[in-house]
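Undergrad: The chain contents come next:
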Amino acid sequence: GQNIDQPTEMTATEGAIVQINCTYQTSGFNGLFWYQQHAGEAPTFLSYNVLDGLEEKGRFSSFLSRSKGYSYLLLKELQMKDSASYLCASHTGGGNKLTFGTGTQLKVEL
Amino acid sequence: GAVVSQHPSWVICKSGTSVKIECRSLDFQATTMFWYRQFPKQSLMLMATSNEGSKATYEQGVEKDKFLINHASLTLSTLTVTSAHPEDSSFYICSAQSDRENSPLHFGNGTRLTVT
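Going down the list, the sequences are from chains A and B.
Here the first sequence is numbered in the working numbering, starting from 1 and rising by one per residue.
Here the second sequence is numbered in the working numbering, starting from 1 and rising by one per residue.
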């Protein structure tokens with residue numbers, strides 16, 4: 001089966017750095033997606049990691065370790081608008097099937 | 001970038017009626033679209049995979065006769081919730097992927113269904 005774990009909630013301060021972790025146990029693993037979802041809206045794509053290592057994209061970076069079944073999303077220079085749910089999702093199998101974690105609700109405070 | 005349009009954004013219907021939700025890929029062709037359901041403060045749960053020109057593949061526990069999926073063209077998939085009940089009230093989201101390798105899934109804006 002597929003199992004994905006991430007913290008339920010996190011709180012951070014505006015301007016700070018926050019790391020959201022995700023561990024997964026899946027079969028047929030292809031890669032790991034991160035999505036951002038604001039309340040009442042659809043998820044928006046942030047990153048997709050296939051190979052081990054860190055990929056940086058502006059204020060957001062994502063890391064993957066396939067051997068450890070571990071990923072994290074790093075958000076720098078936090079802004080109030082970054083308050084949202086962050087979903088990690090494993091991409092498995094020959095199709096484009098994604099299995100989502102429950103999401104981490106990030107609250108950015110002044 | 002790839003755009004997926006979903007309609008309607010929200011719908012309120014009476015128990016026992018049917019509701020149709022449309023999902024369109026606006027600037028790319030999608031042979032496969034996915035339908036998810038999300039209850040408050042929960043994760044997205046895949047309901048079914050919609051395949052153009054063939055029958056949808058449903059996830060375990062999802063009633064195919066209740067959630068009818070039609071994927072008649074490369075840019076349109078529809079989900080019909082038949083004989084809706086209050087427990088079907090949820091946020092339904094479709095997604096699609098272009099044919100480019102490792103391209104991400106792009107999501108529609110979702111449909112908030114409330115069954116009274």
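It is worth saying that the hints were derived from the structure and are not from the lab.
Honestly, I wouldn't trust all of these hints.
[Said to hold, decoys possible] Ranges of calculated distance between the beta carbons of each label pair, as one might list FRET restraints:
1. B:L26 to A:D5: 27 to 37 Å
2. B:P40 to A:K76: 28 to 38 Å
3. B:P8 to A:T44: 13 to 23 Å
4. A:G40 to B:K20: 35 to 45 Å
5. A:L110 to B:D27: 21 to 31 Å
6. B:S15 to A:D5: 35 to 45 Å
7. B:E52 to A:Q79: 35 to 45 Å
8. A:Q79 to B:R112: 42 to 52 Å
9. B:R112 to A:L74: 44 to 54 Å
10. B:Q42 to A:L74: 23 to 33 Å
11. B:D27 to A:K57: 15 to 25 Å
[What the hints assert, rightly or not] To list a few chain B residues with every Cβ distance to chain A over 10 Å, as calculated:
12. Q6
13. S15
14. S18
15. D27
16. K55
17. Y58
18. N70
19. A72
20. S73
21. S83
By construction, the Cβ of each residue, glycine as well, lies at the ideal position given by its N, Cα and C atoms.
Undergrad: All hints are to be evaluated individually against the structure, with a verdict given for each.
TA: Quick rundown of the hints versus the structure:
A hinted range of 27 to 37 Å for the beta carbons of L26 of chain B and D5 of chain A is consistent with their spacing of about 35 Å. Evaluation of the 28 to 38 Å hint for P40 of chain B and K76 of chain A yields a pass: the beta carbon distance comes to about 30 Å. Between P8 of chain B and T44 of chain A, the C-beta spacing of about 20 Å keeps the proposed range 13 to 23 Å intact. For the pair G40 of chain A and K20 of chain B, the beta carbons lie near 21 Å from each other, so the given range of 35 to 45 Å is not met.
A hinted range of 21 to 31 Å is violated for the C-beta pair L110 of chain A and D27 of chain B, which are about 39 Å apart. Here the CB-CB span from S15 of chain B to D5 of chain A is close to 36 Å, well matched to the stated 35 to 45 Å. For the pair E52 of chain B and Q79 of chain A, the beta carbons lie near 40 Å from each other, so the given range of 35 to 45 Å is met. Q79 of chain A and R112 of chain B have their C-beta atoms about 27 Å apart, which leaves the hinted 42 to 52 Å range violated.
Restraint check, R112 of chain B to L74 of chain A: a C-beta distance of roughly 32 Å breaks the suggested window 44 to 54 Å. A hinted range of 23 to 33 Å for the beta carbons of Q42 of chain B and L74 of chain A is consistent with their spacing of about 25 Å. One distance hint, 15 to 25 Å for the beta-carbon pair D27 of chain B and K57 of chain A, holds here, with the actual separation near 22 Å. For Q6 of chain B, the shortest C-beta to C-beta distance to chain A comes to about 8 Å, within the 10 Å cut-off, and the non-interface label is violated.
With a cut of 10 Å on Cβ distances, S15 of chain B stays outside the contact zone with chain A, its closest approach being about 23 Å. Remark: the non-interface label on S18 of chain B is consistent with the geometry, its nearest Cβ contact in chain A lying 23 Å away (cut-off 10 Å). No beta-carbon of chain A is positioned within 10 Å of the beta-carbon of D27 of chain B; the least distance is around 15 Å. No beta-carbon of chain A comes within 10 Å of the beta-carbon of K55 of chain B; the shortest separation is about 15 Å.
The claim that Y58 of chain B is not at the interface with chain A holds, since no C-beta of that chain comes within 10 Å of its own (minimum 13 Å). With 10 Å as the threshold on Cβ separation, the claim that N70 of chain B sits away from chain A holds: the shortest Cβ distance comes to roughly 19 Å. At roughly 20 Å from the closest C-beta of chain A, the C-beta of A72 of chain B stays outside 10 Å, upholding its exclusion from the interface. Chain A leaves S73 of chain B outside its interface by the beta-carbon criterion, the shortest separation being 19 Å against a cut-off of 10 Å.
For S83 of chain B, the requirement that its beta carbon stay farther than 10 Å from each beta carbon of chain A is met, with the minimum near 26 Å.
In terms of the numbered hints stated before, the structure departs from hints 4, 5, 8, 9 and 12, listed from lowest to highest.
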